[in-house]
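Novice: Protein chains in written order, with the numbering used here: chain R, 1 to 227; chain Y, 1001 to 1350; chain G, 2001 to 2350; chain X, 3001 to 3264; chain D, 4001 to 4264.
Everything labelled a hint here was simulated from the structure, so no lab data went into it. Hints may be right or wrong, so weigh each one.
[Stated by the list, open to error] Below, simulated SDA-like cross-link-like pairs (lysine to any residue); rule was C-alpha separation at most 25 Å, straight line:
{"#": "1", "chain 1": "G", "residue 1": "Lys2341", "chain 2": "Y", "residue 2": "Thr1321"}
{"#": "2", "chain 1": "G", "residue 1": "Lys2341", "chain 2": "G", "residue 2": "Arg2307"}
{"#": "3", "chain 1": "Y", "residue 1": "Lys1341", "chain 2": "Y", "residue 2": "Gly1286"}
{"#": "4", "chain 1": "G", "residue 1": "Lys2341", "chain 2": "G", "residue 2": "Ser2293"}
{"#": "5", "chain 1": "Y", "residue 1": "Lys1341", "chain 2": "G", "residue 2": "Thr2321"}
{"#": "6", "chain 1": "Y", "residue 1": "Lys1341", "chain 2": "Y", "residue 2": "Asp1247"}
[To be verified] If you want the ones that stay clear, here's a sample from chain D, every Cβ over 12 Å from chain G, calculated:
{"#": "7", "residue": "Val4091"}
{"#": "8", "residue": "Pro4121"}
{"#": "9", "residue": "Val4182"}
[What the hints assert, rightly or not] Heads up, incomplete: computed chain G residues facing chain Y, CB under 10 Å, no partners named:
{"#": "10", "residue": "Arg2011"}
{"#": "11", "residue": "Gly2012"}
{"#": "12", "residue": "Asn2034"}
{"#": "13", "residue": "Arg2121"}
{"#": "14", "residue": "Arg2122"}
{"#": "15", "residue": "Gly2124"}
{"#": "16", "residue": "Glu2126"}
{"#": "17", "residue": "Arg2127"}
{"#": "18", "residue": "Ala2129"}
{"#": "19", "residue": "Gly2329"}
Virtual Cβ for every residue (Gly too), placed ideally from N, Cα, C.
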Amino acid sequence: DGAPPARVVRVFAAASLSAPFTALAAEFERSHPGATIELHFAGTPQLVLQLREGAQASVFAAADEVSMQRVVAAGQAAAAPSTFAHNRLAIVVPADNPQAIAGLADLVRPGLRVALCGPEVPAGRYAREALARAGVALHSVSDEPSVTAVVAKVQLGELDAGIVYRTDTTVGGVTAVDLDPAQGVTATYTIVPLVTARPPDVAAAFVAFVVSPAGQRLLAAHGFVVP
Amino acid sequence: MTLDVDFGLQRGELHLDVAFAVAAGETLALVGPNGAGKSTCLAALAGLLGIARGHITLAGERLDDPARRLFVPPASRGVGVVFQEHRLFPHLGALDNVAFGLRARGSDRRSARTAAREWLRRVGLERHAAVLPRELSGGQAQRVALARALAAAPRLLLLDEPLSAVDASARLLLRRELRAHLAAFAGPRVVVAHDALDAFALADRVAVLEAGRIVQAGTVAEICERPRSRYVADLVGTNLLRGTVHDGVLRVGDGGTLVVSTPHEGAVIATVHPRAIALFRERPSGSPRNVWSAPVVGIEVAGDRVRVQLAGQVALVAEVTPAAVAELGLARSVAVWVALKATEIGVDPA
Amino acid sequence: MTLDVDFGLQRGELHLDVAFAVAAGETLALVGPNGAGKSTCLAALAGLLGIARGHITLAGERLDDPARRLFVPPASRGVGVVFQEHRLFPHLGALDNVAFGLRARGSDRRSARTAAREWLRRVGLERHAAVLPRELSGGQAQRVALARALAAAPRLLLLDEPLSAVDASARLLLRRELRAHLAAFAGPRVVVAHDALDAFALADRVAVLEAGRIVQAGTVAEICERPRSRYVADLVGTNLLRGTVHDGVLRVGDGGTLVVSTPHEGAVIATVHPRAIALFRERPSGSPRNVWSAPVVGIEVAGDRVRVQLAGQVALVAEVTPAAVAELGLARSVAVWVALKATEIGVDPA
Amino acid sequence: MNARRRDLAALATLLPVVVATAFFVLPLLGLLLRAPWSRFLEQAGSPAVLDALWLSLLCSTSAAACSLLLGLPLAVWLAGGQGAVRAVVRVLVTLPMVLPPVVGGIALLVAYGRNGIVGGPLARWLDVALPFTTAGVVLAATYVSTPFFVLTVEAGLRSVDRRYADAAATLGAGPWHTFGRVTLPLVLPSLRAGLVVAWARALGEFGATITFAGNLAGHTRTLPLAVYVALESQPEAAVVTSLLLVVVSVGLLFLLRHRWWPSR
Amino acid sequence: MNARRRDLAALATLLPVVVATAFFVLPLLGLLLRAPWSRFLEQAGSPAVLDALWLSLLCSTSAAACSLLLGLPLAVWLAGGQGAVRAVVRVLVTLPMVLPPVVGGIALLVAYGRNGIVGGPLARWLDVALPFTTAGVVLAATYVSTPFFVLTVEAGLRSVDRRYADAAATLGAGPWHTFGRVTLPLVLPSLRAGLVVAWARALGEFGATITFAGNLAGHTRTLPLAVYVALESQPEAAVVTSLLLVVVSVGLLFLLRHRWWPSR
Ligand SMILES: Nc1ncnc2c1ncn2[C@@H]1O[C@H](COP(=O)(O)OP(=O)(O)OP(=O)(O)O)[C@@H](O)[C@H]1O
Ligand SMILES: Nc1ncnc2c1ncn2[C@@H]1O[C@H](COP(=O)(O)OP(=O)(O)OP(=O)(O)O)[C@@H](O)[C@H]1O
Ligand SMILES: [Mg+2]
Ligand SMILES: [Mg+2]
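When you get a sec, could you build the whole thing from the sequences and use the hints?
Specialist: The structure is reproduced here in structure tokens:
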């Protein structure tokens, strides 16, 4: 049976939230005996699609606002979405920063191979916004499908640099170059309980827990900027 | 339990159209040149090939009758077939090949294997029970195929050259065994054979198939005595001549003439037994009415006799003893004198 | 261009160990029971099977010699093989099958096809050039296989029952054609045959293989006169008896005795020609020293003669005319009187 | 031809084999070299990874079994003749190979999801829902892997000599007996290859699974999905996890070698 | 057995075929029903999509050709005997099927990337770089699709009767001639199936391609990548784009049917 048993809350969350939400769920279960959180991670657009096709879920956590608006517009949200985290953009470079990249302007140096996420991916959209603000006309060698793909390629030396979220640069072999705050664009993560929530009270409790100080502390510990 | 057939079918360029009946307990030998349609005929009887017209009837039951849209599939016909290319199942050992028919008809594994083992023993291969077909010699494979067909206890037996690869000793044995089994077996059987000995040893009657039609049918003795085609003559080892008789003189196709003693006139078939032909170094004087000189074009040793092929006026094969060969100094392209009595030439209207 | 072999190899349970030589222009017939190792022997000669000891030498060139780590692969040996199961390439038409060897040796397509067409004509299948093997009849396929082997112009010819499926007419033709071709062909050739006529018609010498060893070798006449094993006796149609002679009396294995006229004493092989055995309804009085009563256990019509199998004191096969059968009222399990002159029994030391 | 020449010839024949093998082995070798082996045991032994591994093996094996069940009749029928109907069906069945897996997953949702053509009635009347269940994983894997099985087995069946089936029929064997005792054993090499291919494809399956069955730890998170999740946070761990997949399938395939590629 | 009984039996045999076909056809049907057909032409005819389609066909066909080139020698060698070496090589070659495609892409980067084991020297000495190029797409597709080809063809080769090759050898045909004129024609059904499978797998390939070759319109954005990209923003358009893939492959496979599944 596809429906979770009673007191099991199924949470659809963006893949980039896998680490903090795994921790959040464990913490929530400890403080709410009898409740179980079932996490489903996939790309945000994919989650939207699954919801549209009738997937049963209690909570939806999106990595961008456009996707959240679609779910709200489809009448699937049981409440107004709450913003629970932000993410800042950063330039990812190999660990020792061999090309000595200091900011967006350095990315257009001839001979450098730089990639962004595609314009359809939120990270790619934000990166393009940031470049536009900085007045930098960057030629991306590839429209990568996800920030992890960009990070992996920098890690393997395939790219000299890329623009990703700050939280994605905590892995080995790469380091982050922070953007000038004036150029910085932030991504907004929002969460909402769904009309199909079962049981609705626990779903609401989980959403509340995420925006609670305890939840925010955990998110911050994973490199997210909390509101 | 009579097999009664009268059917036609087309396969490639061959148009097969035959009618014959085989009584219960009777064996019909189907003989004929390569490509005459013998195997095709057996395939139709077995139900592996549909017929286009006519019917196949076994023991009063229609097995195939396109006019009535009747067709009994092979598995329900109860025919046992030994295929020309044996077709042993390559993944099964000899014993399991033989047991296959019994298993298919519902025997349990043990009793099927016991019966199969007995059949293997009868064909002299009890020691090869576990051997796979590809590890069997050609003759061994053919014997297993024979055992496989017989073990399934069919109502009708179809044997396509069942002994062609079997060795001389086993052939005597199997021919005897087969005869004994056939005697015990109530149904009709059809045997295809190229070997005259096999055909005549096993069969009660012979049907000669050429280019899809039966050109002659009869008992073994009838066929041997009066072959009506080159093929049958070659099969039984007799010389066959076609020609026309006029005033006691036979004019053969090629232009040669022979004096014959017959009341017939017009188109005839003449037969000359090879042993009736006498060969001489010098022109013989005496009673034979036909004497001519001919070059030797071939010499074949056949057991303890020698067959001499003669060209010339009338092409014939003579049979002599090895002693005669030495005495006459016979060899290829040596010319000899041929004498043939008119009374030794059998003449029938064509 | 002599073929000179002396080798041993193991295949399954068979241990093959043979030595023989075939001169250029000579044909050796390899005969023997099923599973004796004849096909295995040809496979070793062709290089499809490695030998374990000894050597295979053709025209002075070692083709296989494990001691010297020498092995010439099949493609470089220049052997032509007709396989027992023909092995025509299923995806090629008859013509392309025959042309294959020429193409493989570098002929251009056109000239290979022209030559192949000529070979098809020789085996009587010029009209089947485009036909695929599965659409050929058994005998047609065998003839194509023969043409394929001959067309490649090999140095050594290996024929494994090349005529077993060929019909009686074509057989005469092919035997002649084959002989003619063999005569034109300078190399040695080895023919496996189960049919005595084929073997003797084609071969100069015969080697008898039994259970992996050559038990007898010699000219056709020698083999026919003095068969030294049951198999050969059956092949040439002679009775063969093993026993011991003591004081002019031969005691056969089964316990029967025969009076013989021979100077030999001790273990002997005795041969009795079927036609030397006389059958009578009543006990005959007269010269024959051996007279006894025996039941008939089998009757076979063989062309224009009848072979009668006798049980009793000494199991023998007699050959009589169809007339005699009628006259004597011969039938299964009828008892007859058998007379056999002592001088008709050939006796050789075993 | 002397021994030296022969050795050279053998080498020339082996060279493409060596090149091809190297092409496949180098990437693996690279992964092995870069993997943080110190953390392999800790990583690979974690309950989450072991759960995912177990689920992967379970689902891929079930999917292979389903491929057999669904695919064998189809392959037999396709191999049984010619004609436009068969051509159309073959093409339709081949399509899941062509479809990007994620789109395949969407298609599955449309058909077998809770609002789907078949899934809707199922959910409404039988209260059976496939998405986000282990059964859904098997369904998705079956959908993507069966076409491989069908094409491989059909090719095998087309090479089987029909005359053996004819011989079986004359021995009284009905179509089922003939199929089970004659045709099937003869097509075994292709059947095995088809099963291995289907199994391997199912084991590596990701896109259709995450779309149709979701990514729920313990229920639908197979090893490839676990690798995906791990890639987001700890790429090294992801590589280690996928090496576990490699090690396990190497082991299984190697153990099976005598049964699946027996000597002839 | 009368006609009615026979018809029932035929139906019973056909039933599993119908079920299996329905299983595969329903999802497609679902996609077709839901697709915004009004926008099909506009969507499918856009230059970006047509570019991607052309690139997809080019790359999958090249990959199928590379599969043949790399895979055929391998399959021949694998089918040529038994033994542990062959078992190990077979398992190693099978692994790309098991590896999640994204991990496969990473493995490719490690081996053939700019800093890779092979790619490093290539880039340094020959100034040849594969990632982010069309050649890289072909490489990735070859990597994931060749194993399917190898296993299928090996199974086919193992079913071929070796005695025909023996017969060819006695007719003076060397190993190459024998292989080309005898073995290859006999294994043709499996070879064709292997090529179709490899081609289809390459056509639908996504994970390894995007990881190794990136996603560059006109150079490496094949149709599945375009679909993926579209999925992020306009899912309906994505469905339409993948239907284009379906239509094109249906067309191609159907046109090829006489050549590839000829009557026997
Ligand atoms: N599948 C087929 N397709 C087309 N023609 C065929 C097929 N099978 C047989 N034939 C043709 O039918 C004719 C008769 O073949 P059949 O096998 O019945 O001959 P046969 O009398 O058994 O000959 P043989 O003595 O050589 O075995 C042959 O000319 C052959 O070419
Ligand atoms: N591949 C094999 N593996 C094991 N044993 C085999 C193999 N091939 C043949 N044999 C065995 O070797 C023996 C000789 O076989 P071979 O084919 O040489 O016999 P043959 O003399 O040609 O007999 P036939 O007259 O029946 O053709 C047989 O007993 C057979 O079982
Ligand atoms: Mg025939
Ligand atoms: Mg043999």
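Novice: Each hint needs a verdict: does it hold in this structure or not?
Specialist: These are the hints, each one checked on the structure:
1. G/Lys2341 x Y/Thr1321: holds, 22 Å
2. G/Lys2341 x G/Arg2307: holds, 19 Å
3. Y/Lys1341 x Y/Gly1286: Roughly 10 Å between the alpha carbons, so the hint for lysine 1341 of chain Y and glycine 1286 of chain Y holds.
4. G/Lys2341 x G/Ser2293: holds, 15 Å
5. Y/Lys1341 x G/Thr2321: With a Cα-Cα distance of about 21 Å, the restraint between lysine 1341 of chain Y and threonine 2321 of chain G holds, given a limit of 25 Å.
6. Y/Lys1341 x Y/Asp1247: holds, 17 Å
7. Val4091: Non-interface label on valine 4091 of chain D holds, nearest chain G Cβ at 31 Å vs cutoff 12 Å.
8. Pro4121: Non-interface label stands for proline 4121 of chain D: nearest chain G Cβ at 40 Å, farther than 12 Å.
9. Val4182: violated, 6 Å
10. Arg2011: holds, 9 Å
11. Gly2012: With a closest approach of 6 Å, the glycine 2012 of chain G hint holds.
12. Asn2034: Hint on asparagine 2034 of chain G: holds, closest Cβ of chain Y at ~3 Å, below 10 Å.
13. Arg2121: Violated: closest Cβ of chain Y sits about 15 Å from arginine 2121 of chain G, beyond 10 Å.
14. Arg2122: Nearest chain Y Cβ about 15 Å off; hint violated.
15. Gly2124: This interface hint holds because 8 Å falls under the 10 Å limit.
16. Glu2126: The hint is violated - glutamate 2126 of chain G has no Cβ within 10 Å of chain Y, the shortest such distance being about 13 Å.
17. Arg2127: holds, 9 Å
18. Ala2129: violated, 13 Å
19. Gly2329: violated, 17 Å
Consistency note: the structure conflicts with the earlier hints numbered 9, 13, 14, 16, 18 and 19.
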